[in-house]
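Chain E is already provided as a structure; the job is to place chains H and B on it using the hints.
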Amino acid sequence: MAIITLLTDFGARDGFVGVLKGVILALNPHAQIVDLAHEISPGDIAAGAFVLAASYAYFPPETIHVVVIDPGVGTTRKPLCVRTKTQFFLAPDNGVLQWIYAANPDAVVVELTNAQYFLSPLSNTFHGRDIFAPVAAHLSLGTPQTGLGKPLLEFNRGVLPPLRQQKNMISGVIIYIDRFGNLISNIASQYLQPKNIEKLVLPRHTISRLSCSYQNVENGPMALIGSHGFLEIALNGKKANEVLEYGIGTEIDVCLKE
Amino acid sequence: MAIITLLTDFGARDGFVGVLKGVILALNPHAQIVDLAHEISPGDIAAGAFVLAASYAYFPPETIHVVVIDPGVGTTRKPLCVRTKTQFFLAPDNGVLQWIYAANPDAVVVELTNAQYFLSPLSNTFHGRDIFAPVAAHLSLGTPQTGLGKPLLEFNRGVLPPLRQQKNMISGVIIYIDRFGNLISNIASQYLQPKNIEKLVLPRHTISRLSCSYQNVENGPMALIGSHGFLEIALNGKKANEVLEYGIGTEIDVCLKE
Amino acid sequence: MAIITLLTDFGARDGFVGVLKGVILALNPHAQIVDLAHEISPGDIAAGAFVLAASYAYFPPETIHVVVIDPGVGTTRKPLCVRTKTQFFLAPDNGVLQWIYAANPDAVVVELTNAQYFLSPLSNTFHGRDIFAPVAAHLSLGTPQTGLGKPLLEFNRGVLPPLRQQKNMISGVIIYIDRFGNLISNIASQYLQPKNIEKLVLPRHTISRLSCSYQNVENGPMALIGSHGFLEIALNGKKANEVLEYGIGTEIDVCLKE
Chain E
317 MAIITLLTDF
327 GARDGFVGVL
337 KGVILALNPH
347 AQIVDLAHEI
357 SPGDIAAGAF
367 VLAASYAYFP
377 PETIHVVVID
387 PGVGTTRKPL
397 CVRTKTQFFL
407 APDNGVLQWI
417 YAANPDAVVV
427 ELTNAQYFLS
437 PLSNTFHGRD
447 IFAPVAAHLS
457 LGTPQTGLGK
467 PLLEFNRGVL
477 PPLRQQKNMI
487 SGVIIYIDRF
497 GNLISNIASQ
507 YLQPKNIEKL
517 VLPRHTISRL
527 SCSYQNVENG
537 PMALIGSHGF
547 LEIALNGKKA
557 NEVLEYGIGT
567 EIDVCLKE
Chain H
317 MAIITLLTDF
327 GARDGFVGVL
337 KGVILALNPH
347 AQIVDLAHEI
357 SPGDIAAGAF
367 VLAASYAYFP
377 PETIHVVVID
387 PGVGTTRKPL
397 CVRTKTQFFL
407 APDNGVLQWI
417 YAANPDAVVV
427 ELTNAQYFLS
437 PLSNTFHGRD
447 IFAPVAAHLS
457 LGTPQTGLGK
467 PLLEFNRGVL
477 PPLRQQKNMI
487 SGVIIYIDRF
497 GNLISNIASQ
507 YLQPKNIEKL
517 VLPRHTISRL
527 SCSYQNVENG
537 PMALIGSHGF
547 LEIALNGKKA
557 NEVLEYGIGT
567 EIDVCLKE
Chain B
317 MAIITLLTDF
327 GARDGFVGVL
337 KGVILALNPH
347 AQIVDLAHEI
357 SPGDIAAGAF
367 VLAASYAYFP
377 PETIHVVVID
387 PGVGTTRKPL
397 CVRTKTQFFL
407 APDNGVLQWI
417 YAANPDAVVV
427 ELTNAQYFLS
437 PLSNTFHGRD
447 IFAPVAAHLS
457 LGTPQTGLGK
467 PLLEFNRGVL
477 PPLRQQKNMI
487 SGVIIYIDRF
497 GNLISNIASQ
507 YLQPKNIEKL
517 VLPRHTISRL
527 SCSYQNVENG
537 PMALIGSHGF
547 LEIALNGKKA
557 NEVLEYGIGT
567 EIDVCLKE
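Taken in order, these protein sequences are the chains called E, H and B.
Quick note: the first sequence uses my numbering, first residue 317, plus one each step.
Quick note: the second sequence uses my numbering, first residue 317, plus one each step.
Quick note: the third sequence uses my numbering, first residue 317, plus one each step.
Hints were generated in silico from the structure; no laboratory data involved.
Just so we're clear, the structure is a prediction, and the values are computed from it rather than from any experiment.
Treat the hints loosely; a few may be bogus.
Treat identical chains as interchangeable: a pair holds within one or across any two.
[Stated by the list, open to error] Straight-line C-alpha distance at most 27 Å; calculated DSS-like pairs for lysine-lysine:
1) LYS515 - LYS555
2) LYS394 - LYS554
3) LYS554 - LYS515
4) LYS573 - LYS515
5) LYS394 - LYS555
6) LYS554 - LYS401
7) LYS515 - LYS401
8) LYS515 - LYS394
9) LYS466 - LYS394
10) LYS515 - LYS483
Pulled out of the complex, with its shape left as it was, chain E reads as follows (with noise of 0.2 Å):
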């Protein structure tokens, strides 16, 4: 049963979501939908991409992740469909797969021109409904990727945010807030090792060690592994991006002892 995800700006309200599981359901009635995420913040291209680098390998192969975080729809941006060694990615071509790209750098792309497999009348604001969903309907009935249009060698893969590893520091930055409100940064568990780390500096605060959790320090900013492998700023019980004031963009330094 061909799994199919659909991760979106489009939120709850408007049917747009709904729209998309018609098309592909209308094609492939057995197809199984997983909803990833549809409240991304209009246009947000590079949460779009956090949440699924930080989802997709959960997902058994084969599955079909479709992405429609689109503010460029209906301009020249180009229509994707790029495969991993396990999986597919529907997504337009405006960077919203570049943690993708990092991490299989042998990924095929094809630029969605066949339009044979895409709804008649095409309309230049809702490419998810028109393009997408019935492409990776076509894809769950066993239509190959090349099949769905022409081999792309250049695309947007996008830049990834600043990571500097020094002699006895590692510099990153704030790439996402979660839910609850939780600072994740773009330094990875493998650069982190507890014992090593002298002291974690913010612009205006200093932490002295890793936490094991959410509730490990009463008071004041903690900094812990979170769970998507990534170093992240927290406090307990309480929002750290709206208490602490501190955004994407953010830089903070691990410093290592000698």
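Just chains H and B now, kept in the frame of chain E:
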């Protein structure tokens, strides 16, 4: 596999939608349940009606649409099962099906009176759970519409928003505002040949032509045919309803060339 | 077909719910996953407990309910599998199952200790993904409860909100406020024979009788038996919690006729 869609104003915090699904699956474990939208503003019948109108045609024949925007639950308003040529609609008789009636003049309307298909005891405050969900399940299992109650000839057809066609002008109103702040009118694309448009006039703005995409105009309001097939007013990267301060009922005049 | 419901405070923007589904489907592609509710306020155990209590009985036997409102994730609080006569509940031992225990005194509680059913590596911050979701999948595939860990006799039964029954009075409190602003109490319908009610007394209002529907009273607060089977206070077309300024814990006295 029968598809049952759910369209409600229940939101995602109280478990109401989950309960609808439990009731359906307890009766028909093989039903395929699809969320159409659940963040309709509480009691906003017009918004629910529009979302349904924009969505239902994308679902395959025999789909059962359950619409629970029902501020009059427990009063004398009747619960209905409406059959069009290809689909079913279960909803209260409060006008939420107005676009369905307009597009399907031969729709057959039945009042749900056969209590053997209801949950018992029947509450006065949650007919979604006690009437619409179990009836949807029974319909999906093959119970014919005629077995659900008695035919109804007088019912609430609703009042479609005003649309006037004059010699060189079409006048409509904003009928829906989506999550992105786009102002959607009731002027359908069939009335709008791009080359025949002289100008579009809003209370405080005049627009000279139709755009092709949401990024087609740098600044200021643009007009385009939206994905629903209606004229809509939008702003590039901003919420048109907030910036332009227009809302439901705002008049739009399309002046045509002689 | 095994039904697995998900009740969380994860919202719909971070992909956490999508990840739970990916983990489940990777283990059991045939699981039928149902969203119970995901917009519980972050860490609001009492609200999650009430939503679960109001929902679970509508699901068929053998349903597996996964409840992840888990502010203490990664601390010493234990992950549990609870079996009632007909259903399973997977949740942290933080009181979120209090209504389940009260309604099912013979529930069998097992601490999840058998790590072969967990994801590996096990994070300290997302046991929904690493423990509850994979255990739910294994349960749905036939793993017996006894294989998941060790029986637990001491666990957090929670504290049910106060309900006092005197000669001519029943006193309870507001325990939940739904999306529509209705104030739901812990006074069950079995205590309330409409003809025996003298009056209902709130801190700043007195109500003389029970209403039948939310539109039964033009102005001012009304009392009615809500869909959960509890006394609730509502306003016609308005949010009672905002207008009346009552909240969780507000006392209600029902005075009975002699």
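How the hints compare with the structure:
1. LYS515 - LYS555: within (22 Å within a copy, 43 Å between copies)
2. LYS394 - LYS554: between (41 Å within a copy, 23 Å between copies)
3. LYS554 - LYS515: within (22 Å within a copy, 41 Å between copies)
4. LYS573 - LYS515: For LYS573 and LYS515, the Cα distance is within 27 Å only inside one copy (9 Å; across copies 69 Å).
5. LYS394 - LYS555: between (38 Å within a copy, 25 Å between copies)
6. LYS554 - LYS401: So LYS554 and LYS401 fail the 27 Å test inside a copy (40 Å) and across (38 Å) alike.
7. LYS515 - LYS401: For LYS515 and LYS401, the Cα distance exceeds 27 Å both inside one copy (39 Å) and across copies (52 Å).
8. LYS515 - LYS394: For LYS515 and LYS394, neither the intra-copy (45 Å) nor the inter-copy (31 Å) Cα distance is at most 27 Å.
9. LYS466 - LYS394: within (11 Å within a copy, 53 Å between copies)
10. LYS515 - LYS483: For LYS515 and LYS483, only the intra-copy Cα distance (15 Å) is at most 27 Å; the inter-copy one is 64 Å.
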